[in-house]
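Peer 1: What follows is each chain in one-letter form.
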Amino acid sequence: MTEPAQNDALAERMADLREHVPTSAPEWDAAREHAIWSSVRRPRPRMALTAAAALLIGAAAFAFGRMSAPSAPEARPAPHDVAPAPSERAPDPATPIAPAPSPVVRFADGSTATRLDGVSELQVLEAGGEGTRLGLVRGGARFDVVPQHRPFRVEAGAVAVEVLGTAFAVRHAGEGRVAVSVDHGRVRVAWDGGAAELGAGERGVFPPPPSAELPTPAPDEEASVEVERPARATRSQRATRRVAPPSPEADWRSLADEGRMQAAYEVLEQQRFQVRDQVAELMEASDVARLSGHPRQALPPLRQVLSRHRSDPRAASAAFTLGRLYLETLSEPARAADAFAEARRLRPRGPLAVDAFAREIEARGRSGERAEARTLAERFLAAHPNHPREGSVRRWIRPATEEGADR
Amino acid sequence: MRALRLVREDGPRPAPAPRTPEEAYRAYARYVGGVAYRLLGRDDEVDDVVQEVFVQLMRGWNSVQEPAALKRWLATVTTRVVSRKLSRRRVQRFFGLGASQPADYEHVADGGASSEDRALLAQVYRELDRLPAAERVAWTLRHVEGLRLEECALRCECSLATVKRRIRAAHSLLESRLSLEETHDD
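Residue numbers (our numbering), protein chains in the order written: chain Z, 1 to 407; chain D, 1 to 186.
Any given hint could be a false lead.
With a straight-line cut-off of 25 Å between C-alpha atoms, the simulated SDA-like cross-links for lysine to any residue are [as the list claims (entries may be wrong)]:
#  : chain 1 : residue 1 : chain 2 : residue 2
1  : D       : 85        : D       : 168
2  : D       : 85        : Z       : 291
3  : D       : 164       : D       : 73
4  : D       : 85        : D       : 72
5  : D       : 164       : D       : 127
6  : D       : 85        : D       : 106
7  : D       : 85        : Z       : 23
8  : D       : 164       : Z       : 139
9  : D       : 164       : Z       : 260
10 : D       : 71        : Z       : 293
11 : D       : 85        : Z       : 139
12 : D       : 71        : Z       : 24
13 : D       : 164       : Z       : 291
14 : D       : 164       : Z       : 195
15 : D       : 85        : Z       : 22
16 : D       : 164       : Z       : 19
Hints are computed from structural coordinates only; laboratory data are not their basis.
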């Protein structure tokens with residue numbers, strides 16, 4: 001059994017609490033066990049979609065905003081097994097769509113679904129006044145969705161794409177990843193720990209590989225992002241280190257990986273903050289400074305990313321982080337606004353662009369540029385209605401006399 | 001309950017390795033259900049997870065190389081299936097789908113828990129709901145299952161460094177959100 005670290009109240013408490021978490025599910029008896037075995041031998045359709053992918057994609061067209069569920073998950077009908085019945089229309093959920101060489105399925109609202117090849121397979125899960133829900137069982141399909149106010153949703157394994165008025169394609173890409181491409185309109189792709197937006201003509205495979213950019217989480221968001229650092233050859237040869245005071249030969253990156261940010265910072269200090277001119281290392285050095293309570297020392301590595309690596313996909317993330325440091329820690333809203341604007345310029349359709357836009361508006365407002373903040377806020381609300389940040393942006397449209405005290 | 005469990009594990013002779021999927025199910029279904037329950041904190045999805053795990057076992061039974069390692073394999077697959085469920089649940093919430101009210105975890109603790117422990121455990125699981133699936137699972141394996149870090153990494157099918165990072169991230173968030181008051185014996 002594990003022993004809690006010293007001075008770790010939560011770990012100590014959990015060492016006691018876990019004794020009270022049962023080792024079996026409650027009310028586990030022979031009848032229940034038998035019922036599950038019956039379903040194992042004859043699998044129910046509701047399990048059929050869980051085997052494919054390890055990520056979830058949610059997509060919404062730009063104008064759609066926050067979605068309302070067509071119905072509670074428990075009330076949705078179970079997907080029907082696909083039977084080899086040829087059909088070019090899918091009038092109701094009971095009608096399966098059989099594999100056939102590129103048939104086009106037309107829905108009552110004019111939307112279409114076209115299989116990409118003869119082995120691709122679709123199911124109609126829901127089709128009615130509440131919206132359309134399809135299951136992409138295997139292969140890929142292209143969808144042309146007529147603009148409407150009801151959800152059009154495609155589920156591929158554990159991935160879901162929900163859109164309003166766009167043309168896009170979704171395809172299983174193997175190893176739990178899904179390829180998404182957009183012909184026109186915009187989609188938003190989200191997975192546990194990240195998100196991305198694709199516009200017309202753009203495509204991507206999600207989740208992206210570990211070396212690609214991942215969005216930096218905002219402090220008020222629940223998501224946290226795990227960034228897989230590229231493997232370093234020397235790390236695989238090092239033995240596990242015991243806790244010890246850092247020496248100049250200590251690797252600050254290994255200390256950071258162990259969560260010893262202050263120790264990592266001390267090593268960086270001893271090295272006069274000399275790090276390699278590589279984006280990953282610069283970003284890590286900035287994180288070490290920031291997380292060890294040295295925000296000013298976090299700035300130079302980020303600026304170096306922007307000055308020497310502007311074409312790197314992570315440059316926008318560096319600009320975004322710079323903006324947050326200036327706004328939230330250093331109370332320099334004017335510089336924050338410039339940094340957020342830079343993040344948007346570097347990747348106007350990147351996963352951080354909309355968030356950067358909202359924060360730039362706030363930073364402009366806080367720096368006294370109220371007229372500019374108002375103009376940008378109006379532009380933001382026109383482009384992103386019903387966005388989660390609508391409230392914080394809208395306050396910059398109200399006249400100054402109606403403003404409460406700034407935060 | 002824990003004492004009884006030890007007696008069963010320390011029985012006079014180990015049970016033979018299952019020879020068929022059905023034997024494996026009879027031997028380990030309750031165990032798999034328990035693993036799922038502790039990861040989820042809820043009973044309503046346990047049956048789905050158990051079904052999925054043993055469907056996978058049946059499909060791959062002919063390629064099972066080490067029947068003696070079956071229990072560990074089942075635990076790993078259970079962790080994987082639960083992680084997917086948690087990821088899906090999280091994105092459903094992101095899009096305003098799924099249950100609108102937070103789950104009730106007052107029933108996680110067994111009958112022997114004090115009301116204070118019960119409340120705290122419920123709070124722990126509510127806060128776990130707010131974490132990304134990978135971090136939540138890693139932390140639960142470490143601090144609810146009580147596994148060593150190396151075992152957590154195997155169960156999560158990731159490197160030791162990665163599982164440490166996940167646990168650390170989850171732990172610091174939980175520390176900031178949970179109210180842990182010192183209790184003093186008078």
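Peer 1: Does residue 71 of chain D pair with residue 24 of chain Z here, judged by a C-alpha cut-off of 25 Å?
Peer 2: Distance ~15 Å between residue 71 of chain D and residue 24 of chain Z Cα, so the pair holds.
Peer 1: Taking 25 Å as the top limit, are the C-alpha atoms of residue 164 of chain D and residue 19 of chain Z close enough?
Peer 2: holds (23 Å)
Peer 1: Hinted pair, alpha-carbon criterion (25 Å max): residue 71 of chain D, residue 293 of chain Z. Please report holds or violated.
Peer 2: The given pair, whose Cα atoms are some 45 Å apart, is violated under the 25 Å limit.
Peer 1: Against the 25 Å threshold, does the CA-CA distance of residue 85 of chain D and residue 22 of chain Z hold or violate the hint?
Peer 2: holds (21 Å)
Peer 1: Keeping to a limit of 25 Å between CA atoms, is the pair of residue 164 of chain D and residue 291 of chain Z held or broken?
Peer 2: Roughly 17 Å separates the two Cα atoms, so the pair holds.
Peer 1: Below or equal to 25 Å on CA atoms is what counts here, so check residue 85 of chain D against residue 139 of chain Z.
Peer 2: Distance ~22 Å between residue 85 of chain D and residue 139 of chain Z Cα, so the pair holds.
Peer 1: Given the hint that residue 85 of chain D pairs with residue 291 of chain Z, does the C-alpha gap stay at or below 25 Å?
Peer 2: violated (32 Å)
Peer 1: For a C-alpha distance cap of 25 Å, please report whether residue 164 of chain D and residue 139 of chain Z respect it.
Peer 2: violated (36 Å)
Peer 1: Compare the distance between the alpha carbons of residue 85 of chain D and residue 168 of chain D with 25 Å, and conclude whether the hinted pair is satisfied.
Peer 2: Holds, at about 22 Å.
Peer 1: Please verify whether residue 85 of chain D and residue 72 of chain D have alpha carbons no more than 25 Å apart.
Peer 2: holds (20 Å)
Peer 1: Can you confirm whether the C-alpha distance between residue 164 of chain D and residue 73 of chain D stays at or below 25 Å?
Peer 2: holds (21 Å)
Peer 1: Against the 25 Å threshold, does the CA-CA distance of residue 85 of chain D and residue 106 of chain D hold or violate the hint?
Peer 2: holds (21 Å)
Hint compliance for this structure: hints 2, 8, 10 are not met, and every other hint is.
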